[in-house]
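A.B. asks: Heads up: the protein sequence lines correspond to chains A, B, C and D, in order.
The numbering used here applies: residue 1 is where the first sequence begins, and numbers increase by one.
The numbering used here applies: residue 1 is where the second sequence begins, and numbers increase by one.
The numbering used here applies: residue 1 is where the third sequence begins, and numbers increase by one.
The numbering used here applies: residue 1 is where the fourth sequence begins, and numbers increase by one.
Warning: the hint list may mix true and false statements.
No copy labels: a pair is met if it fits in one copy or bridges any two.
[Unchecked claim] Keeping only pairs whose Cα atoms sit at most 30 Å apart, straight-line, the calculated BS3-like set for lysine-lysine is:
1) Lys186 with Lys55
2) Lys186 with Lys146
3) Lys133 with Lys20
4) Lys209 with Lys60
5) Lys55 with Lys72
6) Lys14 with Lys72
Derived by calculation from the structure, the hints in this document are not laboratory data.
Model, not experiment: these values are computed from the prediction.
Number of protein chains: 4
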Amino acid sequence: MIKEGNTVHLKGKKNSFFIKVEKDKIFSTHKGNIDLNQLIGKKFGDIIQTHTGEKFFVLKPTLFEIIMYGIKRQTQIIYPKDSAFITLKLGITDGMKVLESGVGSAALTIVMANAVKPTGKIYAFEREEKYIKQAYENLKLANLDKFVEIKHQSLEEKLPEDFFDTGFIDVREPWLYIENIKNSLKNGAAIGFLVPTTNQVSMTLTALKEHNFLDLEVVELLERHYKPVPDRLRPEDRMVAHTGYLIFAKKGF
Amino acid sequence: MIKEGNTVHLKGKKNSFFIKVEKDKIFSTHKGNIDLNQLIGKKFGDIIQTHTGEKFFVLKPTLFEIIMYGIKRQTQIIYPKDSAFITLKLGITDGMKVLESGVGSAALTIVMANAVKPTGKIYAFEREEKYIKQAYENLKLANLDKFVEIKHQSLEEKLPEDFFDTGFIDVREPWLYIENIKNSLKNGAAIGFLVPTTNQVSMTLTALKEHNFLDLEVVELLERHYKPVPDRLRPEDRMVAHTGYLIFAKKGF
Amino acid sequence: MIKEGNTVHLKGKKNSFFIKVEKDKIFSTHKGNIDLNQLIGKKFGDIIQTHTGEKFFVLKPTLFEIIMYGIKRQTQIIYPKDSAFITLKLGITDGMKVLESGVGSAALTIVMANAVKPTGKIYAFEREEKYIKQAYENLKLANLDKFVEIKHQSLEEKLPEDFFDTGFIDVREPWLYIENIKNSLKNGAAIGFLVPTTNQVSMTLTALKEHNFLDLEVVELLERHYKPVPDRLRPEDRMVAHTGYLIFAKKGF
Amino acid sequence: MIKEGNTVHLKGKKNSFFIKVEKDKIFSTHKGNIDLNQLIGKKFGDIIQTHTGEKFFVLKPTLFEIIMYGIKRQTQIIYPKDSAFITLKLGITDGMKVLESGVGSAALTIVMANAVKPTGKIYAFEREEKYIKQAYENLKLANLDKFVEIKHQSLEEKLPEDFFDTGFIDVREPWLYIENIKNSLKNGAAIGFLVPTTNQVSMTLTALKEHNFLDLEVVELLERHYKPVPDRLRPEDRMVAHTGYLIFAKKGF
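This is chain A alone, in the form it adopts within the complex (with noise of 0.2 Å):
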């Protein structure tokens, strides 16, 4: 039973929306307008209709979705592809506490989030104040705004010390603050990093090196699409060629 607060994929024919359920409200398409309240109640897979009687499916979104249609985007996101394996390397599960920091559009944040609820948190700090709220509301679409906590604070600034179970950084210049994230995390902790260069990657891991973290890594995930035509399969022509660079490590002891 869909209820206020759900978020739900409206598919019709030719467009896809991705709305949060709310009472007395409309939602307007160039097919017409959907009254909200006739959500409430109505069962995923269900049909609705605008006033002027485009239909539309009632689809629940998964956070794949969500992610690659639902929010806004305010800044570069990182894309499924690196969020599901950063998620897993980092070992990020129910009951983690997680450094992230900035939080941008929230993309990984979402996929994070979901990954420590319920008893974890993931604790975003966000030096752009711009971005903040966006990055809630896009957490809201996706039901996780309860599991973080969004701070309008530099790395500079000094971090909870020990505390952290692990983390993710995706800022300019994150050799800068090392030391700081260092003692912010708990010994053994994994710590992962997203960087577009190779200048980049060879100033992270110069940094961490003199940090002694150890269990270094460096990998590039390439994402590459078919034509789903049976009798006539190949390659998509063209591919995104670069998202970043993942860099891995380990807080040593």
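Take the given structure of chain A and dock chains B, C and D to it, following the hints.
C.D. replies: Quick look at chains B, C and D alone, frame taken from chain A:
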């Protein structure tokens, strides 16, 4: 505090072991024996010694490490790059009922079970009885066995109807069972497949189209590692070139 | 010294043109007209001007540039990453008689013709008459037309027997013509194919095996570009993900 | 007709040998000895036997085969995927004077020498004397030694000025010699580099920009092989993940 039944990562100077803590048991290494009783009550981050005085750090293993270094492999496993992506793409989260077949070494099962806990369940169907015992052992190592039910059953046998929220199929000829799989899924549910050859991709796509599945996608993920040397950064000389093609679709209405 | 008939690369501040030098002809650019007579007698590296005073360097174009920027494309072309590899893999060198079909825009023909000159020849069979005229124009731009003979002929028609040292086939259904192709090759001769889909790869391999071809290989080449910025080195955001699968084999005895 | 001095490919049931035909010489295989005199006068495609009756086909080796299986490797070689692309990208063709340094095992030299013959020449500068003898041997195996002149000289020593039509540099620190290289090139000439690390790419790009080189490009080529099985078509399990980054530029005016 480490308790009986926990899985720990013993990290020595050169070797890592992933073991389940049991009372009154001795674990033998070529650097001496470890009385597992001494692990009980220790904290993650502590140090223990073998009877010859060799030191090991006691770390909490991540699921990633359990999959890559802990479980016994009796089949080709589904690697983290794929299992993480599959789980996010299918939207697997707490409370879901997930179809899986076959179970193999349970490497994917572990990742999906971690995602559905505490209230969901993986229903794994495995037609080779010989794999099931070890699959359970592997799940126990990850402390996730209670979220998985493995049945010794082929996909030829009727699955429960309109029952699963999503599913993942890793069998040789998935196209033979599409009708059965479709009936077992709820409307709009996402389903995924892994097959190693292009011929299998074509066969599976054909069957999915014939059964009115929607949103067909075929994707492969490539994982490229770099030598983590800051001033001589370069990709590793060799890489895994292929694990499998991933196919995704949604049950139509 | 530049002579009539040479192809030159006119490199301006923003635009590059690849043109064939002809007497008493005017070449129009949006920066003014160029009297081609002024090119005759110039050296590569010199500067010329349009009637409005816009300057262009006169450079000798490489085959690579002629293929990528000079020729008119009437079909999907075979790109340099592939044509260079094909030519080396097939061992194409001066004096060889090379089978090609189809000829398309002659992008591969240009590379192979350059390799067989001065005493070899490309025998190109093209069943679509409409492509042949432009293919010759493109070959003339590269000054290689005298090493190529294009016949308006389908691979269904009998090829000369025991005649070709090697060959390359880029048609939709190469498996239909394997017998004819085989008979036209000398013993032990290498043959190559480009096909865009995996289904075509399978069909071609089957036909090659049935006709006792040896040393079957299937390969694809991926070309990844980086932004040439020393302190922010990173791959381009997007890349060509697929041009075609290359198949190589040798005529058995 | 096979003559003294030719290089032949002896293809047996399981083994292939690439040897230079010499008079009154015995070639030993573990399947018996081959009197090389019997090769003289044979045609490519003929069969010869060892003294124990083991049969070998006598094939004409392609340059590709000579590079991959014939030459002795004393260094990491430049592979055909790269050497073919380099040669086409640089526009190397008959009559050109080409700078090369170092020469290593001459794998690239062979491809470039084949492209400049009969009237051009590769001027290879190698500072390690120990490589030069074998490099010449390798070139002789390919019958291309007369189009190459190898000098025992480092790039620190002055190169001929305004002399080369193009060049390719494969040394550890190319940025140290950019001034010398630039002066040796004709105006507008293309130049290429291979370096294995991203740090070297950055250093080389910086030097090229400082010396006003134009049209900077950085590219890498990946070669992925498939198992040539028609009904179970799939990529090989593993692949070469990295040979080197290719850098291309043009001498400015």
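A.B. asks: Could you place Lys209 and Lys60 in one of the four classes (within, between, both, neither) given a Cα distance threshold of 30 Å?
C.D. replies: between (45 Å within a copy, 22 Å between copies)
A.B. asks: Pop the pair Lys186 and Lys146 into one bin, within, between, both or neither, using alpha-carbon distances up to 30 Å.
C.D. replies: both (24 Å within a copy, 29 Å between copies)
A.B. asks: Is it within, between, both or neither when you check Lys55 against Lys72 at 30 Å Cα-Cα?
C.D. replies: within (25 Å within a copy, 48 Å between copies)
A.B. asks: Which holds for Lys14 with Lys72 at a C-alpha limit of 30 Å: within a copy, between copies, both or neither?
C.D. replies: For Lys14 and Lys72, the Cα distance is within 30 Å only inside one copy (20 Å; across copies 37 Å).
A.B. asks: How would you label the pair Lys133, Lys20 (within, between, both, or neither) given a Cα cut-off of 30 Å?
C.D. replies: within (16 Å within a copy, 44 Å between copies)
A.B. asks: Could you figure out if Lys186 and Lys55 sit no more than 30 Å apart (CA to CA) within one copy, between two copies, both or neither?
C.D. replies: Intra 53 Å, inter 20 Å, cutoff 30 Å: inter-copy only.
Violated hints are absent here; each numbered hint is respected by the structure.
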